[in-house]
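Trainee: With the sequences and hints as input, model every part of the structure.
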Amino acid sequence: MARHGRIAAGAALLLAAAAAFVLPDWIISLATIAFANGLVVLGLIVLWRAGLVSFGQALYYCIGAYAVALVGRATGVTDAFLLMLIGGAAAGLVAFVVGFLLARYREIFFAMLSLALSMILYGVLVKAESLGSTDGFSVASPTFFGYAPHQEKLLMALYWLVLAVCAIAAFLIDAYFRSVSGALAMPVRDNEIRVEFLGMSVSRLIHTKLVISGLLAGMGGALAAFAIGHVDPNMSYWTTSGEFVFITILSGAGSVVSAFVGSLAFESLRSFAFAMLPQLWQMLLGSVLLLTILFLPQGLGSLVTRLRWRRKAAAP
Amino acid sequence: MLTAFAILIDGLVYAAYLFIVAVGLTLIFGVMKILNVAHGSFYTFGAYGAATAIGIYFDRGWPDAGGFLLMALLAMALGLVLGLILERSVMRLVYGRDEVVMVLVTYAAFLILEDVVILVWGAQSYPTYQPLLAAGNTAVGALILSNYDLGLIATAALIAVISWWALKFTRYGRLLTAVIFDRETAAAFGINVTAVYTITFVIGAMLGALGGAIMAPKIAVTLGIGVEVIVLAFAVVAIGGMGSIEGALIGALIVGICRAAAVHLVPQVELFVIYGVMALVLMIRPYGLFVRAQPRRI
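So the protein sequences, as listed, match chains V and B.
The first sequence begins at 1 in our numbering and counts up one residue at a time.
The second sequence begins at 1 in our numbering and counts up one residue at a time.
Because the hints were derived from the structure by calculation, they are not lab data.
There may be inaccurate statements among the hints.
Computed from the model, here is a short list of chain B residues facing chain V with C-beta under 8 Å [what the hints assert, rightly or not]:
1. L93
2. E99
3. L111
4. I112
5. I118
6. D182
7. V227
8. A235
9. F272
10. G276
11. L282
12. I284
On a predicted model such as this, the values are computed, not experimentally measured, just so you know.
Just so it is clear, CB atoms sit at the ideal spot from N, CA and C, and this is done for glycine as well.
Mentor: This is the structure:
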């Protein structure tokens, strides 16, 4: 079954990559942002499997984005790969440091403390005049190993870069879920003390998950900074974190692919709602969130599983 | 000396505002274990309701006291209706689910209500300065203080005393304490927990709306005012300990004084200081100042 899943995911990836030649620009740029945010959601899923919900994931997202923008501005480096790694590493480092603190917290207190940390960054950025305060500042167009595309070509190059990063991340996280450390997420969620009796350190497990999720969120932020071409403090505001949690609920924690499907669904929904019902788009989003929680508690991913079960049940 | 006095007064005014907003949030959390993001919507509705009341009442030469009363009454009526609808239609469906799921449900309600505000009141902002003018000023030494601000402090103190008295000395307060302590045992003793939940949620909503009404003259009543209030109220409640009324009071005072000190002394750290204090308190006392740690369950 797992092999079928991987083949299907690989085919979907090739299809998505080929779609860049056919689809109009606005869909490509929407998908670029959606998949970049999907990386953040993937990190949230890693945490969610252990029963943790972070209302401050925007912290790492924002650090990734600002790291790209600042390093680009200070050194003139424009290479997308290098900057992206710097963004991810910066966020991962921050996650590692605050992880010593956060790993001791659970449930609502974990959510609150991560919220507080992201709001601290927001408070600092808003008051930082040299970083453009609330306006933020713009990010130079990235280059790819010396290749400096423009406009449409840049759009496609970025899209492929995001797709490639997402594919690698999905593959690695899928492997992580199968590893001992990853598989222990559910037991941690159910009963930590029993896990400790098995001889595992729960706080170290959670610390690892925090660093992974921070790293992914930083990469997502870095890619989003390229795609948007601009960074501002709102990337660290609590509503941004709220959106990521929203997408996580929409996706469900069933599989790594659902993060990207959910993110794409969310971004399409938002663009649609924003264009069609400019006065009512938040209402539409809120209703979708509410209906998902009430009727699809396992997220969009569970639709596939349900269909599969039904087909199995129908087969003689 | 003058700066110290100014910090104290500004801090108290800000703390009064924070307390009024946070007390409803902490009440709902204490009883129902719901961290209510929709509290920001109650605040917004209260503020818009007060703005409507000001539009109807002021500038007509009627006695000012009636205007203040109408502001508060209209806002609390809105809170009552909104709280009742939300609790009976949505929250009822998710009782007993995970705490984090309930946060998300209220987040969904918040998103929906943000647009309900646009549908009802439109996207323009409302002028609400009249009550400030009507209240006038008092000179204390070299400082000129608005009577409205002084009234705000008095109102917050009054709410603190009333909620303390109601919890300790009334029948409903005793029932509430029992439910907070142990919901199942309380139900086994014949307390109608469903009714207690509904009443608590509605009271919390009315307090949130009252907070909005009181703040309406001091801010521009416009879109998006609820977004910031939520995180501020979260910070206050987290510092004091979620579910604790004394905690909300102390949390509001700490945040209020710290912010006022930052504004007067180092304006660059104004926003930073609130969440910095919150993170610091949570580092030392993870469950807040007034809540003791829960034993881990096996």
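Trainee: All hints, please: hold or fail.
Mentor: Hints versus structure:
1. L93: Where the cut-off is 8 Å and the nearest Cβ of chain V is about 6 Å from L93 (chain B), the hint holds.
2. E99: With a closest approach of 5 Å, the E99 (chain B) hint holds.
3. L111: 3 Å, holds
4. I112: 4 Å, holds
5. I118: Status holds, d = 5 Å.
6. D182: 19 Å, violated
7. V227: 6 Å, holds
8. A235: Holds. Min distance 7 Å.
9. F272: 4 Å, holds
10. G276: 6 Å, holds
11. L282: 5 Å, holds
12. I284: Violated, about 11 Å.
Of the hints listed earlier, those the structure fails to meet are numbers 6, 12, in rising order.
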